[in-house]
Each structure stands twice: as structure tokens, then as C-alpha cells.
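Under my numbering, the first residue of the sequence shown is numbered 1, with each subsequent residue one higher.
Accuracy of the hints is not assured; some may be wrong.
What the hints assert, rightly or not - Below, simulated SDA-like cross-link-like pairs (lysine to any residue); rule was C-alpha separation at most 25 angstroms, straight line:
#1 Lys285 x Asn49
#2 Lys176 x His85
#3 Lys159 x Leu65
#4 Lys176 x Asp151
#5 Lys285 x Pro219
#6 Lys57 x Pro10
#7 Lys271 x Glu191
#8 Lys248 x Ala187
#9 Lys159 x Lys176
#10 Lys159 x Gln92
#11 Lys57 x Thr29
#12 Lys285 x Ile299
#13 Lys53 x Leu143
#14 Lys176 x Val161
#15 Lys176 x Ser114
#16 Lys53 x Thr29
#17 Lys91 x Ile180
#18 Lys301 x Tyr216
#19 Lys248 x Leu195
#20 Lys53 x Met267
#21 Lys248 x Arg190
#22 Lys50 x Gly31
#23 Lys78 x Gln93
#24 Lys240 x Ala187
#25 Lys78 x Thr136
As the list claims (entries may be wrong) - Simulated DEER-style distance windows between Cβ atoms:
#26 Ser69 x Met239: 47 to 55 angstroms
#27 Lys6 x Tyr235: 37 to 45 angstroms
#28 Asp205 x Asn7: 42 to 50 angstroms
#29 Tyr235 x Asn3: 40 to 48 angstroms
#30 Thr8 x Ser97: 22 to 30 angstroms
#31 Leu218 x Gly266: 16 to 24 angstroms
Source of the hints: derived by calculation from the structure; they are not laboratory data. We put the beta carbon where it would ideally sit given N, CA and C, even for glycine.
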Amino acid sequence: MDNAIKNTDPVLLIGDAALIASTAVCLLTAGHYLNVGTPNAAEFNEFLNKHLKAQGKAGVYQNQLVVSSTLTTYHDCKLVIAITHENAGDKQQLLNSLVPLIAPNAVVAINTESIPLDTLQAGFDNPARLIGLNWTEPVHTSLFLEVISTDISNDTATKIVALANSYWGKDAYIVKNDGIRSRLISAMAREASYLVDNGYASAEDIDRACRNDAGYYLPFCGNCRYMDLMGTYAYGMVMKDLNSDLSKDTQLPQFMEQVLDAGGQGMQNNKGFYNYTDEEVAKWKEVTEKFGYQIRAIIEKYPFNYNK
Numbered sequence: 001m002d003n004a005i006k007n008t009d010p011v012l013l014i015g016d017a018a019l020i021a022s023t024a025v026c027l028l029t030a031g032h033y034l035n036v037g038t039p040n041a042a043e044f045n046e047f048l049n050k051h052l053k054a055q056g057k058a059g060v061y062q063n064q065l066v067v068s069s070t071l072t073t074y075h076d077c078k079l080v081i082a083i084t085h086e087n088a089g090d091k092q093q094l095l096n097s098l099v100p101l102i103a104p105n106a107v108v109a110i111n112t113e114s115i116p117l118d119t120l121q122a123g124f125d126n127p128a129r130l131i132g133l134n135w136t137e138p139v140h141t142s143l144f145l146e147v148i149s150t151d152i153s154n155d156t157a158t159k160i161v162a163l164a165n166s167y168w169g170k171d172a173y174i175v176k177n178d179g180i181r182s183r184l185i186s187a188m189a190r191e192a193s194y195l196v197d198n199g200y201a202s203a204e205d206i207d208r209a210c211r212n213d214a215g216y217y218l219p220f221c222g223n224c225r226y227m228d229l230m231g232t233y234a235y236g237m238v239m240k241d242l243n244s245d246l247s248k249d250t251q252l253p254q255f256m257e258q259v260l261d262a263g264g265q266g267m268q269n270n271k272g273f274y275n276y277t278d279e280e281v282a283k284w285k286e287v288t289e290k291f292g293y294q295i296r297a298i299i300e301k302y303p304f305n306y307n308k
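Required output: the full structure, derived from the provided sequences and hints.
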């Protein structure tokens with residue numbers, strides 16, 4: 001782990017097809033040679049080619065890519081990236097199964113939204129090389145990358161941030177042991193569901209409030225600087241009165257439970273907080289990809305440290 005990972009070094013990418021396709025685009029564009037392990041190689045190739053076609057790069061990276069439905073040995077890969085569903089047992093099982101397949105000094109990065117990193121490091125052969133890495137879709141157009149470290153993996157995390165910011169087109173940050181992105185999103189989702197449960201607003205009202213106020217400013221400056229711009233004192237006074245009335249539920253809100261009990265999986269099965277036709281889902285996904293490129297271009301005009 002002493003040697004820095006270069007943007008041309010081979011990477012092993014593991015996960016479900018749709019989940020990792022845009023991550024593959026990001027890594028291929030950076031210059032990496034990519035070994036992909038996915039249960040459904042055909043589906044992965046379908047999603048990958050769709051993303052590359054949207055960029056006008058269909059077929060460009062074929063000599064940098066090997067896709068397989070089974071894992072073999074990858075001793076030449078300096079970096080292993082796993083993007084799996086949120087289950088601690090499954091993640092630990094995957095990590096342990098990788099040990100004999102990869103180089104003993106390869107960096108291993110796995111997504112973890114609610115599982116502390118030190119839980120996954122416990123029992124791993126070399127915990128200093130294991131970090132958390134959370135992405136957001138679509139990976140290849142977003143600046144987001146959340147890097148999770150513990151005291152023993154700080155050096156590893158720092159090297160990945162340098163690689164991501166220099167070559168992956170990210171504005172990555174490091175947090176300690178637990179991710180923060182999901183905490184922030186979950187707090188907003190909990191309050192949104194509380195407002196619906198108690199008759200204050202509909203799902204449409206919630207979305208308009210988020211989109212037309214916070215959504216208008218947050219891509220520019222984030223949460224804390226947004227309060228500075230609008231008036232930190234005023235926000236402090238509002239929070240002093242409002243915080244006691246915010247939801248403190250520790251269970252899933254009724255609104256969310258109703259959606260889940262009805263089998264809602266969002267656009268994966270055409271029903272969630274809203275219902276969709278197949279045509280509407282296809283259109284939303286098409287527009288989301290287009291929006292990803294457009295909002296990225298706008299955000300890059302106003303970098304995080306704008307005045308510097």
C-alpha cells in the first residue's frame with residue numbers, strides 16, 4: 001500500500017450490473033484497466049453500452065475491459081471496489097472470499113451506508129487496507145464520492161481521495177467510520193414522512209418544497225454555507241424554536257411503511273411514492289442522465305471554494 005495507485009492501474013469492480021455500470025464508465029474514462037465481476041454480465045454490458053453511447057463513446061474502451069460472472073484471481077489489481085447491497089453479513093462474506101484472490105497489498109473499498117467501517121474491518125486480513133467508498137448514481141456525471149476511514153486506514157483513504165479528485169472527476173471527502181450522506185438524507189426523509197403522516201403536506205408538496213428552495217441553492221454551496229448566505233443567526237433562531245417539533249421517530253414512518261408493505265420499489269417496479277407506467281420510467285431515466293450532465297456543467301462553473 002506504500003505505492004500510490006495510478007489512473008492506469010488495473011481495478012477489480014464487483015457488484016450488481018445496474019449498480020456498477022456507471023461506476024465502470026467513470027473508471028474507464030479515467031484510464032483504468034477494468035476487471036468486472038457481476039452476476040449478470042449481459043445486463044452489465046447493456047447498461048454500460050447505454051451510458052457510453054450517451055457520451056458518444058460506444059465501443060471505445062473494449063480493450064480496457066474484461067467482464068465475468070465468476071471471480072477468479074486478480075493479483076495484478078491494486079484496487080478492489082465492491083458495491084453491494086446493505087447487509088453486514090454478506091459484505092463480510094464477500095470481503096473474506098476476496099482475500100485469496102487478490103494481492104495482499106491491494107486496497108479494498110466497499111460501500112457502506114449504515115454499517116460502521118470498523119465492523120467490516122474486524123476480522124479482515126489487513127484492516128488498514130480496507131476503506132468505505134460510497135457513490136451516487138449516475139456515478140460518471142456526479143462529483144460525489146464519500147470516503148470512509150478509521151485511524152488505521154487514514155493513509156489508504158487519503159491516497160484514494162487524491163486518485164478520485166485527480167482522475168475520477170470527483171470532489172471527494174473523508175469521514176470517520178460512518179458515512180454522513182445517508183444520515184443527512186434519512187433525516188430529511190424522516191421529517192418528510194412525518195409531515196405526510198400528520199396531514200401537513202402531500203408527497204408532491206414535499207418534493208416542490210425541496211426542489212424549489214433547498215434544491216435551488218444546495219448544488220451551489222451546500223448546507224452550512226447556505227445558512228451563512230441566508231443568515232446564520234436567523235437559522236439559529238428558527239432551529240431553537242423548531243427543533244423540539246421535528247420528528248424523533250426511531251421506527252419507519254407510517255407513510256414509508258405503507259409504500260413498502262405494498263411492495264413499492266420505486267421505479268424498479270413502477271410504484272413507490274408515485275406510480276409510473278413503463279414509458280414514464282424510461283423517460284425519467286433518460287431525463288435523469290441528461291440532467292446529470294447539465295447540472296455537472298453548472299456546478300463546475302461555481303467550484304466549492306469559489307473565491308479561491
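Cross-check of the supplied hints:
1. Our distance criterion of 25 angstroms between C-alpha atoms is met by Lys285 and Asn49, whose separation comes to about 15 angstroms.
2. This hinted pair checks out: Lys176 and His85 have alpha carbons roughly 21 angstroms apart, not beyond 25 angstroms.
3. With a CA separation close to 24 angstroms, the supplied pair Lys159 and Leu65 stays within the 25 angstroms bound.
4. In summary, the hint linking Lys176 to Asp151 is supported, as the alpha carbons are separated by about 8 angstroms, within the 25 angstroms threshold.
5. Pair hint Lys285 plus Pro219 holds up; C-alpha atoms about 20 angstroms apart against a cutoff of 25 angstroms.
6. Straight-line distance between C-alpha atoms of Lys57 and Pro10 comes to about 20 angstroms, which keeps the hinted pair within the 25 angstroms bound.
7. Of the pairs offered as hints, the one joining Lys271 and Glu191 holds, with about 21 angstroms between alpha carbons and a cut-off of 25 angstroms not exceeded.
8. Proximity of Lys248 to Ala187 is assessed by CA-CA distance (about 9 angstroms); at most 25 angstroms being required, the pair is judged to hold.
9. The straight-line distance between the Cα atoms of Lys159 and Lys176 is roughly 15 angstroms, inside the 25 angstroms bound, and the hint therefore holds.
10. A hinted pair counts as satisfied when its Cα atoms are at most 25 angstroms apart, and Lys159 with Gln92 qualifies at roughly 23 angstroms.
11. Between Lys57 and Thr29, the direct Cα distance comes to roughly 10 angstroms. Compliance with the 25 angstroms bound is thereby established for this hinted pair.
12. For the given pair, Lys285 sits about 21 angstroms from Ile299 by alpha-carbon distance, which is consistent with the 25 angstroms threshold.
13. With a C-alpha separation of about 21 angstroms, the suggested pair Lys53 and Leu143 falls inside the 25 angstroms cut-off, and the hint holds.
14. Note on Lys176 and Val161: the hinted pairing holds, with a Cα-Cα distance of about 14 angstroms set against a maximum of 25 angstroms.
15. Note on Lys176 and Ser114: the hinted pairing holds, with a Cα-Cα distance of about 13 angstroms set against a maximum of 25 angstroms.
16. Taken as a hint, the Lys53 and Thr29 pair is honoured in the structure, with Cα atoms around 13 angstroms apart against an allowance of 25 angstroms.
17. The hinted pair formed by Lys91 and Ile180 meets the criterion: a straight-line CA distance of about 19 angstroms does not exceed 25 angstroms.
18. For the hint pairing Lys301 with Tyr216, the CA-to-CA distance comes to about 15 angstroms; that is within 25 angstroms, so the pair holds.
19. At roughly 12 angstroms between alpha-carbon atoms, Lys248 and Leu195 fall within 25 angstroms of each other, so this suggested pair holds.
20. Note on Lys53 and Met267: the hinted pairing holds, with a Cα-Cα distance of about 22 angstroms set against a maximum of 25 angstroms.
21. Between Lys248 and Arg190 the alpha-carbon distance is near 8 angstroms, which keeps this suggested pair within the 25 angstroms criterion.
22. Of the pairs offered as hints, the one joining Lys50 and Gly31 holds, with about 19 angstroms between alpha carbons and a cut-off of 25 angstroms not exceeded.
23. For a cut-off of 25 angstroms, the pair hint linking Lys78 to Gln93 stands: about 21 angstroms separates their Cα positions.
24. Of the pairs offered as hints, the one joining Lys240 and Ala187 holds, with about 17 angstroms between alpha carbons and a cut-off of 25 angstroms not exceeded.
25. Annotation: proposed proximity of Lys78 to Thr136 holds, straight-line Cα distance about 23 angstroms (limit 25 angstroms).
26. Separated by about 51 angstroms at the C-beta atoms, Ser69 and Met239 satisfy the suggested range of 47 to 55 angstroms.
27. The hinted window of 37 to 45 angstroms between Lys6 and Tyr235 holds, with their beta carbons roughly 44 angstroms apart.
28. Checking the proposed 42 to 50 angstroms range against Asp205 and Asn7 shows it holds: the Cβ atoms sit about 45 angstroms from each other.
29. Restraint check, Tyr235 to Asn3: a C-beta distance of roughly 46 angstroms satisfies the suggested window 40 to 48 angstroms.
30. The hinted range of 22 to 30 angstroms is satisfied by Thr8 and Ser97, whose Cβ atoms lie roughly 27 angstroms apart.
31. Between Leu218 and Gly266 the C-beta distance comes to about 22 angstroms, which sits within the given range of 16 to 24 angstroms.
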